[in-house]
Structures are given as structure tokens and as C-alpha cells.
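Residue numbers (my numbering), protein chains in the order written: chain A, 1 to 315; chain F, 1 to 315.
Hint data in this document are derived by calculation from the structure and do not stem from the laboratory. Note that the structure is predicted; figures quoted are calculated from it, not measured. Hints are all accurate, no fakes.
Here are the simulated distance ranges between beta carbons:
#	chain 1	residue 1	chain 2	residue 2	range
1	A	ALA285	F	SER3	29 to 35 Å
2	A	ASP262	F	ILE138	45 to 51 Å
3	F	GLN57	A	ARG51	47 to 53 Å
4	F	ALA87	A	ARG295	55 to 61 Å
Each residue gets a CB set at the ideal place from its N, CA and C atoms; glycine is no exception.
Protein chains: 2
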Amino acid sequence: MLSLKQLRYLDAIARHGHFGKAATHCAVSQPALSMQIQELEQELGVQLIERRRQGAQLTAAGREVARRAQRILNEVRDIGDFARQSAAPLTAPVRLGVIPTVAPYVLPALLPLVRADYPLLVLQVRETHTQQLLAELIDGTLDLLLLALPVEHPEIETQSLIEDRFLLAMPPGRKLRGRVRATPELFEHDRLLLLEEGHCLREQALAVCNLRQIEGVDTFGASSLSTIVQMVANGMGMTLLPEISIGLEARGGRVGIGRFADPEPARTLGLAWRATSPRKEDFAALGGLIAAAVRKCQKPAADIVADQRARERRT
Amino acid sequence: MLSLKQLRYLDAIARHGHFGKAATHCAVSQPALSMQIQELEQELGVQLIERRRQGAQLTAAGREVARRAQRILNEVRDIGDFARQSAAPLTAPVRLGVIPTVAPYVLPALLPLVRADYPLLVLQVRETHTQQLLAELIDGTLDLLLLALPVEHPEIETQSLIEDRFLLAMPPGRKLRGRVRATPELFEHDRLLLLEEGHCLREQALAVCNLRQIEGVDTFGASSLSTIVQMVANGMGMTLLPEISIGLEARGGRVGIGRFADPEPARTLGLAWRATSPRKEDFAALGGLIAAAVRKCQKPAADIVADQRARERRT
DNA sequence: AAACGGCGATAAGAAATTCTGATCGATCGA
DNA sequence: TCGATCGATCAGAATTTCTTATCGCCGTTT
Chain A
1 MLSLKQLRYL
11 DAIARHGHFG
21 KAATHCAVSQ
31 PALSMQIQEL
41 EQELGVQLIE
51 RRRQGAQLTA
61 AGREVARRAQ
71 RILNEVRDIG
81 DFARQSAAPL
91 TAPVRLGVIP
101 TVAPYVLPAL
111 LPLVRADYPL
121 LVLQVRETHT
131 QQLLAELIDG
141 TLDLLLLALP
151 VEHPEIETQS
161 LIEDRFLLAM
171 PPGRKLRGRV
181 RATPELFEHD
191 RLLLLEEGHC
201 LREQALAVCN
211 LRQIEGVDTF
221 GASSLSTIVQ
231 MVANGMGMTL
241 LPEISIGLEA
251 RGGRVGIGRF
261 ADPEPARTLG
271 LAWRATSPRK
281 EDFAALGGLI
291 AAAVRKCQKP
301 AADIVADQRA
311 RERRT
Chain F
1 MLSLKQLRYL
11 DAIARHGHFG
21 KAATHCAVSQ
31 PALSMQIQEL
41 EQELGVQLIE
51 RRRQGAQLTA
61 AGREVARRAQ
71 RILNEVRDIG
81 DFARQSAAPL
91 TAPVRLGVIP
101 TVAPYVLPAL
111 LPLVRADYPL
121 LVLQVRETHT
131 QQLLAELIDG
141 TLDLLLLALP
151 VEHPEIETQS
161 LIEDRFLLAM
171 PPGRKLRGRV
181 RATPELFEHD
191 RLLLLEEGHC
201 LREQALAVCN
211 LRQIEGVDTF
221 GASSLSTIVQ
231 MVANGMGMTL
241 LPEISIGLEA
251 RGGRVGIGRF
261 ADPEPARTLG
271 LAWRATSPRK
281 EDFAALGGLI
291 AAAVRKCQKP
301 AADIVADQRA
311 RERRT
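Sequences are here, hints too, so could you generate the full structure?
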């Protein structure tokens, strides 16, 4: 009779491509793992693994079985998560994925809130691009994502939390006559500096400015917003900053900040989880905290803009 | 560590509501099952079952865990099915669900074809209404459905096979001037006789005749087409028959058959299976045979219509 | 060419798990 | 109160699974 152990071992082999390493990872001896795999192959009547000199290679059937096994193992883990949640909400670790244009700003505000409200909760945070996050969410490596919506995927459910406006960051001292209008002309003198490919903020900024063409856009591709802000501060161009980043990135008047004309462009920040996840209540509770943290991050933006306008009026 | 055995036992209890019966069903002793369940409850840290005088009752958490367990067990079975398919196509038994307005006509034609082409294949056929079939498909009791499309469900995939036209069945001797037009007036003298609620053919027939109201429609509700044909033969009204049924139901001139004006109304017969099913290739192969069987069933219809027209011209 | 090293299979005995059969205790109905 | 039913408990048996030791294969190294 098929057992979970066999599926666990197969999954380990699929991941490591090596009987010995897989066995170590499963905390059993290599023969134990080998025998279970043989048993599995015999029960299924199909060869799953090609034993080669340089390790183990899955056959076509093996890959398909491993894919299904992984799915099953995820669902088994979900049962455990569900039980833990219903026994004691928000105590099991949450593996949270966050996009790079959110993480450095929101996490410092979020973690104290979490510690205060759910002292037992452990947040394991991973920061990478949307596409990578989604892949890891689906394969069960992550439990929850904090990113920019919308996200369309049949196996994923989302909940939007809060809007995060875009502001224009200019070299310091640049004058503004009221709100900025987002047009390509804006970037005739100053190049638009953007993050490297893969960041959703890059695409959003291009959309906001009605730029399809990469003209006047620096494809140099920085990998963090603070790098870009450095460049802006040195007069190398302009960029769009999300409101949550202003407090950190525009402090001390390093760059000038301008608001866009209504309707102000914005991104929607929200959560995403596997549709089958048993911890939706946990996630909803966390969502409340995250929204609060985001609001905290956005607060300095208003001050900075007001402050700057006051200074301009004085000159 | 969670095991499949525990999930199997829990599933059995969920089905039988009784430790002893569940144990019998799993072919183990009652203590063995009890102990595994206790183990499971301890691992999950949640009580899953209320032990009551009159048997076992799942707690709320128990129901949720059982639901997930059932899903997992289905997917495990799918792995076995997949392996068997890739080892030898179309040899593992197929549990096929068929709607009542198809089964008695198509199966007699289908089974010989199956025996000829796939002598090792065992078809386990179940006949009931669409809704019931869909429920059993999803919970894994059935593998494949033969029914009238469309079927909309996120977990189900379908493939249409063939069109099956509707014909008008009248008391014998009734004259027709060419093709019939499907209007409510058609049923001013003769009532429209239909199957009982739940048959998709009932809804389709009402739609074909542009009848929303149940006026002039006999809600008496027969449970089989041949009953209705009996009634039609005795002058109690008219009905719509699918083309595949004509050979059996209208043989010997028991009832008059009329074709509808173009565009002739028809239903689409097709297959449905779980989107996760590993046996799609099997099903596609079976689909070919089923389409052939349906075509065979439809053949007599043309002859009977032609024959009848010839007789009318003679009188 | 011979020795080596990495890899998975095999073998035998030990350890752990799981099962059975007998029995118990509780509860409900007669 | 008795009897019946149901699930829990217990002790020993049966089965499964694991570990350690070792083998055989085949590239690589010396």
C-alpha cells in the first residue's frame, strides 16, 4: 500500500538528485531510502528513477509522480497547519514572501507590531521578485505573500490591503508648480531611472508615465530603490517612489518630492496565498497588522511633501 | 509523523460514523483503528471525533481534516492510476457515470466495442442524474462521466464528443407538413410530456420549446423515456426524444416522429473528468469509442423518419 | 594498468511500529 | 438490573522498517 513516507523520499530525491543526500535530508540511512523507493517502483509497476553514475535522474513517469507527490505533501502539511491554527491562532511560523520595493520599508514597522500582538508568532521573511515569490508560494515553500496586486492565478487567492501612491523624486532644488502631470515630456530633460527587469514597480512606473518605449528611460537597472535615489540626488535623472519609501529615501531633503495630479497613480498592496491554505484566518489577522504598518510608513511622506512646499514658498 | 494510514482510517470513520464498521471496512481490527485515530488526534493536537453512545461524530475540526484527507487520498489513488495508465493504457477499471437519457441507448452499443478494442478494460457503469454524477466525480467515486454539456466547474474538465438532435414524438398517425417549428402553440392540443425534475433532458426540452412556464406541460414526471413514449403512443401528449433513443423507442411505428425546422435543436454529448485526473489519455481513447457507439445509436433514427414520411405520402 | 572514490544495491540482524484478541468500562434501552 | 453496544486499553505477536556492514559497478586518478 502506498505510503506518505515513500512520497516523502521520492520528493527528496527529486530535489537532490542523489540517494545519499536525499537520505541525509530525510534523516534516514541511504539503504532505508533506497528500499522504500524500490518498493514504490514495484507497487506502481513503473521505473521512476534512472540510477546513473553521477546520481539519480527521474524518468518521465518519475517526474510526474514526483509532481503529484509534492502536491500531496503540501496538502498534508496544510492539515497540520490547519490543526495548529484551530488550536491556537497565529502561533505556527508564517513563511512570508515580500517584494523588494516593500520589504525594507514595511518590515521595520511590521515586526514590532507582530511582536506586540502575537508574541508567539515567528515570521520567516523572504524577499524577491513577484514571479519567484509566486512560484515558491505554489510549491509550498512560502505560505503568504505581500506584494502588488493584481495577481491572477487559479490556485492563488488574494486580498488587497491598502493603496500606495507614487510620488515623483527629482534632483534636489528642482522647482515645481503644483502637482505634476505624468507625461513622457516630463522626462525630456531628466531621464527616468528605474529598477532592473523583474521588479513590478518598474512596469508600474512605465505604465503610469504612459511610456511603452524605453526612450529616455535608463535601463541601467538598479537593484534597489536607494541606489536609484542616490542617482537622483546626484542629478542623474528622476524616478517614481512609492509613498511607503519616502520616509526613508527622501529624508533630509536628499531629493525633491512632487505629487502627481489627480487621479494620483498608485499601486495596490495586498496578500496572496494558496487557495487551499488552511490558515486564511491567520492571514487575515496578519493583514490587519500589515495595513497598519504600511500606514505608518506612509505617514512621513505627507510631512516631507508639506515641508518641502513650505520651503519652496519661502525662496 | 502523519501517515496515509491515519488519513485512510479517518476517512473511513467519516463515511461510516462508527469505529467498528470503519475498521471492518479497512480490514483491520477495531483497536488498530482506534489507536491510529488517537495518534492522529495527538499529533494534530485537536479532537477530531466525538465518541458518543450512538457512534462516532466528527467535530468541526474533524470534518475539515476529513475533507482534506479525502482529497489527499483521491490524489494518492490518482498516482496509482497514472502509473497503471503509463504502464498499460486502458486496462485499469474505469468507473463511468452516465445520465439516464443516454445510458440505455448507448451502453448496448458501447460495450461490444470496448470488448473488441480493449478486452482487458472493465467498465463499471453507474446511471443517475447530472448533479449526482458530478458530486461523485468530484469526491472520487467516479472516474469519468458521459453526459450533456456544458458543465461548468473549476475542478472539472470536459470534452464534447458529438451532437444529438431532438426529434418530436407524437401519437401514431398524426400528420406532419414537413419540418416542425418548436413553439408553445405546438402543445395547445397535445400536452408536452417530460421526465421528472433533475433530468437535464427536461430542462433542454423546455428551452427548445421556448417554454419557461409550465403550461401545458405535464409535470407528472416520468422517470424513464420509455414510460413517456408509452404515454405518447396512447395519445396522452407529445414529447421530445433524443436521436439516440429513436431506434429503441420509436421502433415499429409506436409513435410518430417529426424533425424540427432548422436549426435543429440538439444537445451536446461529451465527457467530464476531474481536472487532476491522470488518465486523460485513457479517457480520450474511450471517447472515440463512445462517439462511435453514439453514431450507431443515431443511425436508426434517419431510417425511421424516412420510412414514416414514405408511408405518409402513400396515404 | 591498478588503485581509488563515489554511488546505489544487497544482506542480516536490530529496532520500532502496528496489529490482534481478549477484556474493560461506560452508556443506553428494556 | 440486565443485556447489548461501542470504543478504550492491554499484552504479546507479527510485521515493517531501519541500521550497519558490505558489495559491485564504473568512472577517475595515479
